[in-house]
Amino acid sequence: MSALLRVQDLKKHFPIGKDLFGRPTQVVHAVESVSFEVEKGRTLGIVGESGCGKSTTARLLMHLIEPDEGRISIRGKEFGNIGGRHPVAQLRRQMQMVFQDSYASLNPRLTIEDSIAFGPQIHGVSETLARQQARDLLDRVGLNPSVFIRRYPHELSGGQRQRVNIARALAIKPEIVILDEAVSALDKSVQAQVLNLLSDLKKEFELTYLFISHDLNVVQYISDDVMVMYLGQVVESGPVAQLYENPAHPYTRALLNSVPAQTPGQSKNYIVLEGDPPNPIAPPKGCRFHPRCQFAKAICAEKEPDTVKVSGSHKAACFKLPGSADHQTYIRLQEVSHEPRC
Amino acid sequence: MNPVVEVKNLNVTFKGEEGSIFAVNDVSFDLAAGETLALLGESGCGKSVTLKSLMRLHPMHKTQIEGQVLVEGQDVLKMKSKALSEMRGKTVSMVFQEPMLAFDPVFTVGDQIAESVMRHERISYKDARQRALEMLDRVRIPSAAKRLDAYPHEMSGGMRQRAMIALALACKPRVLLADEPTTALDATVQIQVLLLLKELQRELGMSMIFVTHDVGVAIEVADRTAVMYAGRIIEQGPVQAVLSKPWHPYTQGLLGATVHPGMDRNQALPAIPGAPPQLIRRIDECAFAPRCAQASSRCLSPLPSVNTLTPRWTRCIHADVSQA
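Chains as they are written, first to last, in the numbering used here: chain P, 1066 to 1407; chain U, 130 to 453.
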């Protein structure tokens, strides 16, 4: 089966600070050669800690930030702001996004109806039709149109506003919806309502989701495939069950293990990592995880590990894996004890 | 043994231009020495307001507080301002969710810790700085001597929260109040800080009240839990018992709606319909009744008072309390 969305070698560096000649003094390595594919109707979960580049990746896909390098194609059609590629406006008809902050993503001066009907009108739908569709969509996301249509964003609760944002994203009939921490700000009881809504809408409109979240339990529940990012790079990816049951990368293992048990009486042995995720301004050389990794050896500080197959479509980037080109070198090396990072 | 903290019939009302907000309603609990209580609930349920009342951190002219807050037998709500500032940081100390906002940005972390120690123990600046260094070491901040002269913005989120804990514990308080101290942290850092707090609590033998919305965090740190909804404690008891066999329909609903590993992905989540009520009037009936499947007409009349001194209780009149 061919992929619906294909992303190859996506890269973004943000220059910060300027010297006398206007050259950047430092560079944030936000996203570094990220590649992945999503098949029609599946949900790809992207997890990682703050600063790992998961939200930047989403924004690059939508061209809300211009990528430095990389190819983004939907059904084989390549999109971008470079000659020879299809225009970004077309890309955005097929891919829409819902953000974490439900209030900040709605125009406070537009009514709910205006907000939802705005996009389709830009893309050439008549006003009457756009308004009719807005009403239908509101009803579909569980908000009574006759009650909510004339309301403004500040009159709604967080859960209701996020429903409006979902309706707005669906208004131009996209195939792919990027949900960037879309349920993270909601309380658990409301979060469950919105997650159920997302599952229903996915079936009804045959949607494909990119689900970005730091909540590992929610990602496990909603995703078919998962991609784990660390400091701008993909360290592991694969089908959700395989990756959660059998994480191959030491970082994934520690990350999944760090979630407190949700049932009482199961005391856990935590793998506690030292320190915080390092700064993406000066990422560590070699494997970016090596300063916090308990298995790190000399080679990990020198060379970037290649991404290899664990089994099936489950892949990870670590010298510990037998498939890695430098696996034999890694095995022969002594483990280095390292001081906790400052 | 006498409890370290006793809260009796606490009511907190905020007076605004557009009317009052009845944030906390008839809240009672106590806390034994060395014990951890988790106040569990969703945003707006009054858990943080309750916690702040224990140190009287609400703006005076806008807040009406009734009831009793006894810390080591002394009523915090009746304290004169001198006794109050003597108590804050010395007997009771607090760790906040956002350490960047809790620290003063223009003083170094070392000086802020030293200031608190000098204030409460009347020792020299030199000795106080020595204590600050010990504390930073104790919360395992790498190269603590160097970090003593760092400003809050020069630290990462996890390190800043450790420094905040060092500040809170510098005078060895009897009670630590923690207001979602790990919510803003990344998963791998959250667990570091949780385990650190548990360890320090054991070492110092202090009591802890931990406000959280995360069931997993409550299970990890607490001995007992009080579940709050719409300004009231609706269920209280040992954390194991309450969270494995909840009595109140809200607690049951909250646990059911929380995504946890091993859930059937093909089944819809058992969400609680509706949303929590606005606290613009004093709610004497069951505030959860409009969202509750088990609600009857009796739930809509003022609820009978419950004996909050038993180890486990709930406000729900329909709860089957025979099965523990």
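What the hints contain is simulated information worked out from the structure, not anything from laboratory work. For glycine and all other residues, C-beta sits at the position ideal for the given N, C-alpha and C. Hints may contain errors.
[To be verified] Here are the computed distance ranges between Cβ atoms for each label pair:
1. U:Pro390 to P:Ser1115: 49 to 55 Å
2. U:Gly391 to P:Asp1074: 32 to 38 Å
3. P:Asn1146 to U:Gly391: 40 to 46 Å
4. U:Arg410 to P:Ser1222: 44 to 50 Å
5. U:Arg427 to P:Glu1104: 40 to 46 Å
6. U:Met229 to P:Leu1129: 40 to 46 Å
7. U:Glu414 to P:Ser1222: 44 to 50 Å
8. U:Asp449 to P:Ile1187: 21 to 27 Å
9. P:Thr1328 to U:Lys301: 31 to 37 Å
10. P:Gln1073 to U:Glu414: 57 to 63 Å
[To be verified] Okay, derived cross-link-like pairs now, DSSO-like style, lysine-lysine, Cα gap no bigger than 30 Å in a straight line:
11. P:Lys1333 to U:Lys327
12. U:Lys275 to P:Lys1333
13. P:Lys1362 to U:Lys275
14. P:Lys1333 to U:Lys374
15. P:Lys1083 to U:Lys275
16. U:Lys275 to U:Lys137
17. U:Lys374 to P:Lys1350
Hints, verified against the model:
no.: 1; hint: U:Pro390 to P:Ser1115: 49 to 55 Å; result: violated (23 Å)
no.: 2; hint: U:Gly391 to P:Asp1074: 32 to 38 Å; result: holds (36 Å)
no.: 3; hint: P:Asn1146 to U:Gly391: 40 to 46 Å; result: holds (45 Å)
no.: 4; hint: U:Arg410 to P:Ser1222: 44 to 50 Å; result: violated (18 Å)
no.: 5; hint: U:Arg427 to P:Glu1104: 40 to 46 Å; result: violated (53 Å)
no.: 6; hint: U:Met229 to P:Leu1129: 40 to 46 Å; result: violated (27 Å)
no.: 7; hint: U:Glu414 to P:Ser1222: 44 to 50 Å; result: violated (22 Å)
no.: 8; hint: U:Asp449 to P:Ile1187: 21 to 27 Å; result: violated (56 Å)
no.: 9; hint: P:Thr1328 to U:Lys301: 31 to 37 Å; result: holds (34 Å)
no.: 10; hint: P:Gln1073 to U:Glu414: 57 to 63 Å; result: holds (60 Å)
no.: 11; hint: P:Lys1333 to U:Lys327; result: holds (14 Å)
no.: 12; hint: U:Lys275 to P:Lys1333; result: violated (34 Å)
no.: 13; hint: P:Lys1362 to U:Lys275; result: holds (28 Å)
no.: 14; hint: P:Lys1333 to U:Lys374; result: holds (20 Å)
no.: 15; hint: P:Lys1083 to U:Lys275; result: holds (28 Å)
no.: 16; hint: U:Lys275 to U:Lys137; result: violated (45 Å)
no.: 17; hint: U:Lys374 to P:Lys1350; result: violated (50 Å)
When held up to the earlier numbered hints, the structure conflicts with 1, 4, 5, 6, 7, 8, 12, 16, 17 and fits the remainder.
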